[in-house]
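There are 2 protein chains.
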Amino acid sequence: MQILEERIVQDGLVIGTDTVKVDSFLNQQLDVNLFQALGKEIHRRFQDERINKILTIETSGIAIATVVALEYGGLPLVYAKKNKPSTMIDDSYSAPVKSFTKGIVSNVRVSKRYLQPSDRILIIDDFLAHGEAMYGLISLCKQAGAEVIGLCSVIEKVFQGGGDKLRAQGYHLESLAKIEKVENGKIVFTE
Amino acid sequence: MQILEERIVQDGLVIGTDTVKVDSFLNQQLDVNLFQALGKEIHRRFQDERINKILTIETSGIAIATVVALEYGGLPLVYAKKNKPSTMIDDSYSAPVKSFTKGIVSNVRVSKRYLQPSDRILIIDDFLAHGEAMYGLISLCKQAGAEVIGLCSVIEKVFQGGGDKLRAQGYHLESLAKIEKVENGKIVFTE
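If you read the protein sequences in the order shown, they are chains B and X. Each residue of the first sequence is one higher than the one before, starting from 1 at the first, in UniProt numbering. Each residue of the second sequence is one higher than the one before, starting from 1 at the first, in UniProt numbering.
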């Protein structure tokens, strides 16, 4: 998606060979007008699929998932939590997820009330690197007997392999910008 | 706001005398159509104010703040983080915030790049109880020299006193639903 790639080049900050920091428009500070354009594009890419619920993971998936849920005319949006607060008293599904940026494993959870066997889920996240978060969310859906209809990331770091692994397993995965590699401080997108 | 109060009564779960769980529509599972109505109402309540940036705190403030930022035609939305991930390398402002539901003190942070002395800020959060999160966010703004134009919570738990304290200090605080007390498992709203 061209406007996204241009924005990543313009405002993204390359750190080393594997991190692209986009917190001036995608995390921390959000350009919601850009988000709206991304939401429309995600809706377009899954227009042939029947979807009844959006699933994401806290924190940075929530804003883009909100915009997508609105774009679908108001689908329920569920986000998995990384910690269990004292008010989360329901039975929940859980799965381990390793954070690439934080280097820690957390348990992600979602209340059993919010994933049903009848659900047809579109999973959304901001970044796709090794695929850990996606696999965690897929696991939550499987535990609930819900069907994973599609996966979508805003930015896929192709060189970290998670996306290719998911596609090889037959998932319909879309990424709005695919970073092939980071070379000499420059971002190279997949053609 | 009547539709919100009705929804809290219909779907909220009262726990003890001070917790109202609304995670079927406001946290964890989000009714984004309701959020859109809330966003319009927040925009209406601050229509006489000049605002150039929305500030919230992760996690549960992000979705409502996203909708409000869109309602304003696309204002920049900044969210304070509760933990410092390895990619957050900038200098940041920080303030301690005690979480009512989790019972822990965390440091909230925002990169110095995203709060400026010229900013006129509307602070948004989902719940207002003792006011800890609001005071933390106000502190971040003060450190940056930014002006806090208004504060808005979706649900204020009036009996926990944070809202009255903030109003007494002269802040323009709006809350879309004000819970006066929880009595015998029933929610009583402020008239």
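Hints may contain errors.
The list cannot tell twin chains apart, which means a pair is met if one copy fits it or any two copies do.
Result set (EDC-like, lysine to aspartate or glutamate): computed pairs, CA atoms no more than 20 Å apart in a straight line [stated by the list, open to error]:
{"id": "1", "residue 1": "K102", "residue 2": "E58"}
{"id": "2", "residue 1": "K21", "residue 2": "E58"}
{"id": "3", "residue 1": "K178", "residue 2": "E132"}
{"id": "4", "residue 1": "K178", "residue 2": "D11"}
{"id": "5", "residue 1": "K40", "residue 2": "E71"}
{"id": "6", "residue 1": "K186", "residue 2": "D91"}
{"id": "7", "residue 1": "K21", "residue 2": "D91"}
{"id": "8", "residue 1": "K82", "residue 2": "E58"}
{"id": "9", "residue 1": "K181", "residue 2": "E6"}
{"id": "10", "residue 1": "K165", "residue 2": "D48"}
{"id": "11", "residue 1": "K82", "residue 2": "E174"}
{"id": "12", "residue 1": "K142", "residue 2": "E71"}
{"id": "13", "residue 1": "K112", "residue 2": "D11"}
{"id": "14", "residue 1": "K112", "residue 2": "D31"}
{"id": "15", "residue 1": "K181", "residue 2": "E58"}
{"id": "16", "residue 1": "K102", "residue 2": "D91"}
{"id": "17", "residue 1": "K181", "residue 2": "D31"}
{"id": "18", "residue 1": "K112", "residue 2": "E41"}
{"id": "19", "residue 1": "K181", "residue 2": "D48"}
Simulated from the structure, these hints should not be mistaken for lab results. Keep in mind the model is a prediction, meaning the values are calculated, not measured.
For each hint, the structure was consulted:
1. Both within a single protomer and between protomers do K102 and E58 lie at most 20 Å apart by alpha-carbon distance, with minima of 14 Å and 16 Å respectively.
2. Proximity of K21 and E58 under a CA criterion of 20 Å is satisfied in both settings, with 18 Å inside one chain copy and 18 Å between copies.
3. Taking the closest pair of Cα atoms, K178 and E132 come within 20 Å of each other only inside a single copy of the chain (17 Å); across copies the shortest separation is 40 Å, beyond that limit.
4. Only within a single protomer do K178 and D11 lie at most 20 Å apart by alpha-carbon distance; the minimum there is 16 Å, versus 41 Å between protomers.
5. Taking the closest pair of Cα atoms, K40 and E71 come within 20 Å of each other both inside a single copy (6 Å) and across two copies (17 Å).
6. For the identical chains of this complex, K186 and D91 are neighbours neither inside a copy (46 Å) nor across copies (24 Å), given an alpha-carbon limit of 20 Å.
7. With identical chains, the CA atoms of K21 and D91 are at most 20 Å apart between copies only, with a shortest distance of 15 Å across copies and 36 Å within one.
8. With identical chains, the CA atoms of K82 and E58 are at most 20 Å apart both within one copy (7 Å) and between copies (12 Å).
9. Taking the closest pair of Cα atoms, K181 and E6 come within 20 Å of each other only inside a single copy of the chain (16 Å); across copies the shortest separation is 51 Å, beyond that limit.
10. Taking the shortest Cα distances, K165 and D48 never come within 20 Å of each other, neither inside one copy (23 Å) nor across copies (52 Å).
11. Proximity of K82 to E174 under the C-alpha cut-off of 20 Å is found in neither arrangement, the shortest distances being 24 Å within a copy and 30 Å between copies.
12. In this assembly of identical chains, K142 and E71 lie within 20 Å of each other by CA distance neither inside one copy nor across copies; the values are 26 Å within and 36 Å between.
13. Taking identical chains as interchangeable, the C-alpha atoms of K112 and D11 lie at most 20 Å apart only when they sit on different chains, with a minimum of 16 Å there against 39 Å within one chain.
14. In this assembly of identical chains, the alpha carbons of K112 and D31 lie at most 20 Å apart only when taken from different copies (17 Å versus 33 Å within one copy).
15. In this homomeric assembly, K181 and E58 never come within 20 Å of each other (Cα to Cα): the closest approach is 26 Å inside a single copy and 30 Å across copies.
16. In this assembly of identical chains, the alpha carbons of K102 and D91 lie at most 20 Å apart only when taken from different copies (18 Å versus 27 Å within one copy).
17. Neither within a single protomer nor between protomers do K181 and D31 lie at most 20 Å apart by alpha-carbon distance, with minima of 25 Å and 38 Å respectively.
18. When the C-alpha separation of K112 and E41 is checked against a cutoff of 20 Å, the pair qualifies neither within a copy, at 30 Å, nor between copies, at 32 Å.
19. Taking identical chains as interchangeable, the C-alpha atoms of K181 and D48 are never at most 20 Å apart, the minima being 31 Å within one chain and 48 Å between chains.
Comparing the model with each earlier hint shows violations of hints 6, 10, 11, 12, 15, 17, 18, 19; every other hint is respected.
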